[in-house]
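Peer 1: Next come the chains, spelled out residue by residue.
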Amino acid sequence: MTDLAGLADGPLFGLPLPELWFGLIFAMLGTFLFLDGFDFGAGALFATREDDEDREMILAAIGPFWDGNEVWLVVFGGALFAAFPAVYANLFSRHYLLMFGILGALILRGLAPEMYEQRHDKQWQRWWGRSFVAGSILAPFLLGAFVGNWVAGTPRSFTLVGILVGLTTVALTIVSGTAFLRVKTRGTLRADLQSYGERAVVVYLLAVVATLVALAVDGLRAAILSPVVLALVGASVLLAGGYVLALRQGRDLVALAASAGLTYGLTVVVALLLYPSIDPVSGLTVRSAIVSTLPLNLMSVGAALLLPLVASYFVVLYSAFSGPADPSEAY
Amino acid sequence: MIDPVLGSRLQFALTTIVHIIFPVMSMGLAPFLIYFTWKDIRTGKPVYEQLRRFWTKIFAVSFVVGTVTGIVLEFEFGTNFAAFSTAAGELFGGPLAVEGMMAFMLEATFLGVFVFGRERVSDTLYMISALAVGAGTWLSAVWILIANSWMQVPRGYELVTENGQTVVHLVDPIAAYLNPRFGFMYIHMQNAAVESVALFMAGVAAYYVFRHHVWEYPVENISFWETTLKIALVALLITAPLQVLHGDLYARHVYETQPQKFAAMEAVWETESYVPEYLIAVPTDLSDITDPRAKELFGLGIPGGASWLASGGDPNAEITGLNEFDTEAPPVAIVFWAFRAMVGLGFWFILLAFWGGYRWLTGDLFEDDLLHKALMGSSLLGIVAVEVGWIVTEVGRQPWVIQGVMKTHEGVSPGLTGTEAAITLAGFALVYTTLLGLYTYVIARIIRAGPPGRDDLRDHPKRRDTGDRPEAPAGVASDD
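Taken in order, these protein sequences are the chains called P and X.
Heads up: the first sequence begins at 1 in UniProt numbering, then just goes up one per residue.
Heads up: the second sequence begins at 1 in UniProt numbering, then just goes up one per residue.
Simulated from the structure, these hints should not be mistaken for laboratory data.
Idealized CB from N, CA, C, for every residue including glycine.
Certain hints may be false.
[Unchecked claim] Which residues of chain P face chain X? A few of them, derived with a C-beta cut under 8 Å, are:
no.: 1; residue: Val74
no.: 2; residue: Arg94
no.: 3; residue: Gln118
[Stated by the list, open to error] Where chain P lies over chain X, by a calculated footprint (3+ residues, C-beta under 8 Å):
no.: 4; region: 64-75
no.: 5; region: 95-106
no.: 6; region: 109-116
no.: 7; region: 424-435
Use the sequences and the hints to build the structure in full.
Peer 2: So this is what it looks like as structure tokens:
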């Protein structure tokens with residue numbers, strides 16, 4: 001008991017825990033956007049294939065992974081709830097319909113492949129295929145809209161910035177989805193994907209610039225013109241170039257890594273634009289919204305112990321299914 | 001439009017009532033799947049590969065639907081119960097975050113290996129993934145029930161005022177999280193999950209056994225279904241009596257820690273001793289059905305029964321009546337009838353287990369058509385019992401969201417409009433009805449298709465050595 005009581009006195013090892021947790025929740029959001037992002041991208045690219053075999057291949061490519069990837073959203077929500085309860089409550093209730101839109105899209109995306117595999121008649125598969133595509137595009141779009149409104153500090157859920165960030169996110173998922181599917185597939189499917197990836201990355205860059213302009217008009221000018229943000233935008237352009245080059249040379253894993261760089265870069269920009277505020281609408285800052293010392297220290301110990309373990313699960317999963325997907329493994 | 005408080009409560013009720021079905025299936029199936037995987041790897045008997053593959057399909061579908069409906073619940077604390085989340089986040093958010101990192105991550109990643117990876121990984125890693133998925137599902141329940149038990153019996157906290165808002169402050173994490181209620185809830189819930197799945201397995205297997213042996217309509221893979229029935233009966237014989245015995249201890253704990261809920265379970269309005277346990281309480285007119293025991297009922301009860309249960313043996317023990325409490329009573333009729341439904345089902349499952357066990361001993365397990373029909377009819381009743389049990393727990397806690405600390409209506413998001421609440425409530429009613437329909441459809445298809453045939457099985461090294469491929473003993477008892 002005395003040990004635990006000591007945890008209430010001050011932050012663990014004198015660390016700047018509020019900032020670390022602020023960083024951590026965005027790291028979790030970024031990981032979700034990258035990992036489940038390529039599942040979403042694969043779902044959007046599903047629409048470009050008519051052939052049964054190709055469609056089965058796309059489903060088989062994400063089959064073992066998507067459920068684990070989606071848990072990063074659960075962990076993001078849980079960590080935000082635990083570390084910044086007032087932010088969690090304010091944000092989620094403010095963008096009420098948007099949140100349920102995201103949930104609905106995630107239900108559709110998760111359920112559709114399951115249903116698609118159940119029956120092999122054309123009509124059935126056409127409808128569930130469409131649902132899969134719709135869910136895979138709507139989920140990142142609405143999530144992007146949510147993040148856009150969060151950063152812009154607007155109480156409204158349907159805004160220009162929201163739509164622009166939504167489009168940015170969808171484009172980004174297609175960028176990473178292309179790279180991921182090229183790693184997991186062979187033949188014409190893999191060859192055809194290249195052009196989608198190239199186009200998506202251009203759309204992505206344009207959407208980022210449009211978003212930044214819209215945000216600058218909204219009053220975030222100083223933050224956007226800060227050297228770090230500008231450097232990150234510059235780095236994104238370079239990464240996008242590297243991505244295209246890697247696709248052309250057939251180095252798909254490099255392209256996937258570049259898309260990871262783009263995703264985390266975007267997440268860092270979002271975090272920088274917010275900081276030191278964490279919810280501009282309610283006026284909460286990272287320091288004012290953080291949970292009190294005792295639970296914060298407990299959570300920090302928990303996360304420090306658990307997150308390396310979580311990383312190891314993903315290593316096991318991705319190495320067990322390294323290399324091209326095998327549709328016969330789909331259920 | 002609808003009152004946002006009412007809308008939020010109805011929506012949370014609907015989304016939990018639907019969601020809990022899927023964790024019950026996955027948590028309940030987990031120990032069976034670990035057993036099947038172990039026996040499959042160790043013995044190489046075809047029936048264990050069939051069992052593993054068949055029930056893994058049902059597990060995988062349940063898990064996916066459980067994931068997508070589970071995220072909804074996590075988000076709803078923020079969207080619909082923002083005031084609760086702000087006030088209690090310090091105690092309530094932690095377990096939810098740890099659940100995600102410790103449990104959900106474990107199950108969701110190893111699920112990929114377990115469902116898709118049999119041909120890709122070694123026996124050892126495959127066994128580990130079965131254990132990891134199982135452990136993950138059971139660890140999830142640990143953290144969710146730690147959070148819920150704190151709402152039932154809050155401890156280890158103090159109330160402070162921050163920026164004009166009353167907030168719960170964590171002072172003693174051990175008292176808060178290692179709450180005695182947690183132990184009762186966890187055993188009751190996990191045992192209920194296994195019992196519900198055992199009932200489901202028994203019901204499905206009984207259908208095929210009935211068709212084959214009673215109707216004499218030959219069923220492919222009949223030995224698979226016979227084995228399934230026996231394994232399910234063994235599980236039922238263990239879990240059914242345990243559930244009722246443990247439930248008795250749990251009820252006593254509720255009497256001690258949540259007297260208002262206990263009074264609602266027994267519909268005791270005025271404090272009395274020697275309270276009977278009503279088995280049947282038929283209202284004398286229809287309006288009384290919502291107000292059990294308010295007026296004279298035609299009741300059939302065990303004299304002193306409720307007092308006896310509450311105190312652990314004293315029929316004269318006093319039960320504090322609902323009128324003694326400062327707050328309004330929970331919806332008594334719902335709690336009263338749900339409690340009776342749960343207990344009644346609990347005893348019915350014991351009867352079923354002993355009936356089946358007895359027929360197994362006399363060698364008539366596959367011939368007793370009445371037993372088969374009873375099992376078929378009871379295949380979903382385990383899940384019904386879980387639902388009514390949770391209704392006792394959650395409705396019985398009303399009007400509180402955190403017992404004695406915060407009322408449910410105070411926890412609802414202040415900015416929520418009636419229109420928003422109505423839109424999502426209607427949306428969920430539609431989506432979840434469809435979801436349940438689709439889930440039922442998929443599970444029915446899997447059951448109709450049956451297990452993979454013997455010719456479709458893997459090339460097991462043990463079977464290659466012994467030539468044990470074509471025939472295998474059907475019984476569980478004859479294994480080793």
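Peer 1: A separate judgement is required for each hint: does it hold in the structure or not?
Peer 2: Hint check:
1. Val74: holds (5 Å)
2. Arg94: holds (7 Å)
3. Gln118: At 6 Å from the nearest chain X Cβ, glutamine 118/P passes the 8 Å test, so the hint holds.
4. 64-75: holds (count 10)
5. 95-106: holds (count 10)
6. 109-116: Holds, because 7 residues of the region 109-116 of chain X bring their Cβ atoms closer than 8 Å to Cβ atoms of chain P.
7. 424-435: Coverage by chain P holds here, the residue count being 4 at a Cβ distance below 8 Å.
The structure is consistent with each of the numbered hints, conforming to all of them.
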